[in-house]
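My request is simple: use the sequences and hints to build the entire structure.
Residue numbers (this note's numbering), protein chains in the order written: chain V, 1 to 390; chain S, 1001 to 1290.
If a hint is listed, it holds; no wrong ones were tucked in.
Covered stretches of chain S (in silico footprint by chain V; criterion: 3 or more residues with CB under 8 Å from a CB of chain V, positions within the stretch not fixed):
#1 1112 to 1126
#2 1138 to 1152
#3 1156 to 1162
#4 1252 to 1258
#5 1272 to 1279
Hint data in this document are derived by calculation from the structure and do not stem from the laboratory. Glycine included, every Cβ here is placed at the ideal spot set by N, Cα and C.
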Amino acid sequence: MHTQAQPVGGPLFTRGYMVLLALAAIGIALTIWRFAVGLGAATGLSDGYPLGIWIALDVVTGTALACGGYAVALVVYIFNKGNYHPLIRPAILTSALGYTIAGASVAIDLGRPWNMWKIPTYFWSWNLNSSLLEVALCIMAYVFVLWIELSPAFMEKWSVDGPPILKTWSQRLLPILNKALIWIIALGMLLPTMHQSSLGSLMMLAGPKLHPLWLTGWLPLLFLMSCLAMGYAMVVFESAFSSKTFGRKPDLPMLINLQKIAAWGGLVFIAVRIADLAYSGNLRYATTLDLYGTMFWIENVLWILPLAMMLATPRPGLGSLFRGAMVVALAGALYRFDTYLVAFQPGPGWHYFPSVPEMFISFGLISIELAIYVAVVKRFPILAGMSSAR
Amino acid sequence: MSTDRRAFFKNFAAAAATLTVLPTVAETRAKKTAPSDAVGMLYDTTKCVGCKACVVACKEENKLPADTDGYGQGLYDSPDSMNQYTKNIIQLYKDGDAQSFVKKQCMHCVDPACVGACMLGALEKGKFGVVSYDVSKCVGCRYCETVCPFNVPKFQWAKVAPKIVKCELCKDRLAAGKEPACTAVCPRKAVIYGKYTDLLQEAHQRLRDNPGKYVNKVYGEHELGGTQVLYLSHIEFEKLGFRFKQDESVPHLQQSVSHGIYKGFVGPIALYGLLGAVMFRNRGNSDKES
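Okay, here's the thing in structure tokens:
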């Protein structure tokens, strides 16, 4: 795999970067404290709401936003559009970081994380009915696959100017890796198809505790479609962001095409969702504008808005693309967040609002992700395009 | 380009076809029935006087600490519902003259959502159909709590090494040929222990012998796929906190769909092959730079 990707270069420890590091440090300190005092004291969780933002936001929404690698790989390798190749590396990097952070979030959320190693190894105990087992195994495998997919970026640099050991190994491994990469990338498309749909199956098991506007046998398909739309949107979002921040020249027509997929995907998503609700008769719940009916319509408006924006401005500039992509990401994020928290009805008397430490642990995780992203693109060949080297 | 497009649509059509077949496959999951050695409990609201002897007996048998968080400012063990210290509870429903006590504990579902959820089978339906818990296989994910339609499994929120707390029908006592602690102490026989089929028969006998005394239904006979703990009541079950009356078990929908997708793992393997094959055919092209 040859790329024209180049390190961005420039100083790392800018003022913004120091803020990220501070938030990361707070998050790490709070995480240590969480393990000292237990989940009850550290979070707003309860027996009624046993899953909170660490799952609904950092895992369920976070991994979908990290589906850029999956989404672009489909375009490049399956739709056979080789010219989109320069978008792959940054997308894989955000995916690898997003999924790794989601894994960390799970470890913080689990009551007995020291038993985590049993999930992949106690295969005789596997409950094959459990969507959560499928999600857990797939995500563990996918994190591994993503870092392998990304490893040529590191090896390309090390094989030229790395420390001697890394240099020899990089030179030796790179050709082998490039040959095997096709089957690893195929795995990198299979695994998200499986676990992103299973994230939908997971809430099917909440059954009657999930509001009927969200509970459907099509949850796996809806979750799969939402993660793809969010994946394309995030690639657009990111490209727009790095062109502003790092002075990269974006390939506008390419980004417009990706945003088009995301926007039309939003329409398909709503069509499937509403057709299913009409068929099951549960669409009647959408006529009451209570919390649920209202959230349902907000989600739908957010899903349709990017297409309206696209049709209103057929030749959008970078700013307008950026806004459109943000709306797609928001639509998908809200749909997923609602399915896990807002539409979940544990019964009368239960309430959930995340505690302050709970939120700051989430912020900390996101800050770590951003900090590593910035450090890697500045030092390793990830981003393509002309650099104005700041 | 046109061949690429044709191939793409062909792949897409295949995927769409797979997804359309799903609902048909979904119908094939058979309804689960109680195991042949199933035991259970039958609770009768008209016999219970709310003495809470069963609550105390449960705490003693399971060595559960007193819950002094609630009323009584630390003086009394006063849980108001099942919680991390309480596997069994007597609650009171009162609305004017209408009132009823109600006993809550694990329902020992015939087709339990928690067992379907649990990754490594820490929650398992074992001997006598009892839903039991093995902490060595538990990672503390709390997915069982999320899916239980009766909100039974509870989590030790205050502990650094938390476990799930739930009624296991005194499985050690059952193994020793004894009955559960709660039924053993009940002075009014408001809750009785027995073989599942015998209890069902007894419940229907009481309904026949006392027309008009009860709501004409044995809760748990059909609800949520059936539960091994059965209820007779003179007050509507919704008012006693039994929110759901659907006959379909909770895992039925999810397992029907998931089994459809993952049957024999053929789908994922086929998809992997397909992805690899398409990529192999496209090789070279995807490496080209624009």
